[in-house]
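Q: Take a look at the letters that make up each chain.
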Amino acid sequence: FSGFQQVKEEEKSKLVGNVFTNVASSYDIMNDVMSAGLHRLWKERLVGKLSPFAGMKHLDVAGGTGDVAFRIFDAVNSVKRRALRKVDEASIEETQIYVCDINPNMLNVGKQRAAERGLSDNRSLVWVEGDAEALSFDDDSMDGYTIAFGIRNVTHIEKALAEAYRVLKRGGRFLCLELSHVDIPVFKELYDLYSFQVIPNLGELIAGDRDSYQYLVESVRRFPPQERFAKMIGDAGFEKVEYENLVGGVVAIHSAIKL
Amino acid sequence: MYRTAARRLLGAGFTTSRLLRLPKPRPTTTIIPYSYCTSSMESPIGNQSVNPNQSDPTAAREEGHRRDESRKPRAEFQEEQARVLAASLRHVPRLGWTEEAMIAGSREVGVSPSIVGSFSRKEAALVEYFMDECLQLLIDRVDSGLDLQNLIPSERVSKLVRIRLEMQIPYMSKWPQALSIQAHPVNVPTSFKQRAMLVDEIWHTVGDGASDLDWYVKRTVLGGVYSATEIYMLTDDSPAEYRDTWAFLDDRVKDAFDLKKSIQEAKYFAQDIGAGVGKSFQGLMNGVMQTMSTRGGRSSAF
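Sequence lines, in order, name chains A and B. For the first sequence, the positions run 190 to 448 when this note's numbering is used. For the second sequence, the positions run 5 to 306 when this note's numbering is used.
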């Protein structure tokens, strides 16, 4: 199968499910190899833009392996931060970071990583299985919502955006980190070459799964470009919709506020 | 008619998105928050609303990497931002010009503290909002009948600077932090612009209408006087509310007015010298040109 094939909607979620079941265990390694480690910087930037604060309720969707969630946790709990700023311990206790993923395998990888850091009993991190298009959280309950490299896999992007709008509090922020479209002339050709020639081969070599990575590369091309996605976010009701291109458009961070 | 020349020069990029409430009706191109400028310049997008009740038929707008902004929702965000910042000011004496103060402010207003993450240059947003508020208060004081008639210009300047600096007294314990925030390279353009507008406003109120080179000299000098007094005030614990600071201010303003005279004299002197040198140089050049034209006349035209 390929991302370019016209896939029926019901089947898309099943196919995506299969893709991520297959790639879950080597997801992190493949990320490092494909982006030459840059994905870490992108996630740092995402969390930086979020400006986490003690006592926040945050929802990270499609964040199975916990990359973004751990960064937010560290940002709130870092010793340096607590020393420099006047934060009372009670608010730190209240911080809740929910990691929601539709795929239990990805969540398991995340829980494992939490255990390795000694955080398996920490009440701040909560691992929830759920669908981005139908979240199980209450209205107006979250201060922040992030989705990193997940929204292109959602079958109905508008539904996911509507759900994001629903669960966010007034003043809450929506942040989306996603592979996006490159327009810069020469760089675009190089990027296409890299995507279609190199990445599937890397997938075969490292994860033993060429098809999943072929799907990944093609799904990136199918995802709406920056401006159109920004418009979709605005249509869901968000305000102050902005985006920032990283690496010339290879990755874009869209941000918005619910008012 | 523009209120001051500075507005004409600086108006388009007026700080953190506040519209000044001005007494006289004015042409719409003056004080417009920077964001409005961008959206009005790119009109097809500026008119498009991200309000979910309206639908935009044009799907393809490949205009490259631009921010997607539209007028009405952005105004709401700026109102919210202003409300949060106004509430945050109450927490500044205790928490400083920090994110914590803004988080406390946002909780007061009933908005999630996440909104603070979206303010550009966070703490600077708070400081800049305060500077704008103070300028607006100063303008209001002046408009609501401040008595300056019986004062000579130097005394008028003193009085206006004093009124403005007194607004900072409640925050004096944390003002050094505000100054250091304003001095960050990232924040310097905006803080410089705010101070320039303040200084220009003061000169305009004093009754100065000059628009030649003198204009720059006056603003620069007053800017220096203002900053010096501001810093002096930080370490002044004289009795009776900064009595020493006001004495310092009066002295500096007087010096500045004396300096003005000296600069004027220096200018005339330079002009005289220039005239003298210029005459002899002109004579030399005339001689050279004549020689060249006679030589050129002999060769063929190009």
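No lab work stands behind these hints: they were computed from the structure. Any given hint could be a false lead.
Said to hold, decoys possible - Below, computed lysine-lysine pairings styled on DSBU-like, alpha-carbon distance capped at 35 Å:
hint, chain 1, residue 1, chain 2, residue 2
1, A, Lys-420, B, Lys-271
2, A, Lys-377, A, Lys-246
3, A, Lys-358, B, Lys-178
4, A, Lys-246, B, Lys-126
5, B, Lys-126, A, Lys-238
6, A, Lys-203, A, Lys-238
7, B, Lys-197, B, Lys-283
As the structure is a computational prediction, the values presented were derived from the model and not from experiment.
Q: Is B:Lys-197 within 35 Å of B:Lys-283, Cα to Cα?
A: Given pair B:Lys-197, B:Lys-283 is violated - Cα atoms ~41 Å apart, limit 35 Å.
Q: Assess, step by step, whether the Cα of A:Lys-377 is no farther than 35 Å from the Cα of A:Lys-246, and give holds or violated.
A: violated, 39 Å
Q: Does B:Lys-178 lie within 35 Å of A:Lys-358 when you go C-alpha to C-alpha?
A: Holds, because 32 Å separates the two Cα atoms, which is no more than 35 Å.
Q: A:Lys-420 and B:Lys-271 were given as a pair; does the straight-line alpha-carbon distance stay at or below 35 Å?
A: Status violated; Cα separation ~58 Å.
Q: Next pair to validate is A:Lys-203 with A:Lys-238; report whether the Cα-Cα distance is within 35 Å.
A: holds, 33 Å
Q: Does B:Lys-126 pair with A:Lys-238 here, judged by a C-alpha cut-off of 35 Å?
A: holds, 11 Å
Q: Can the restraint linking A:Lys-246 and B:Lys-126 be considered satisfied, given a maximum Cα separation of 35 Å?
A: holds, 21 Å
Comparing the model with each earlier hint shows violations of hints 1, 2 and 7; every other hint is respected.
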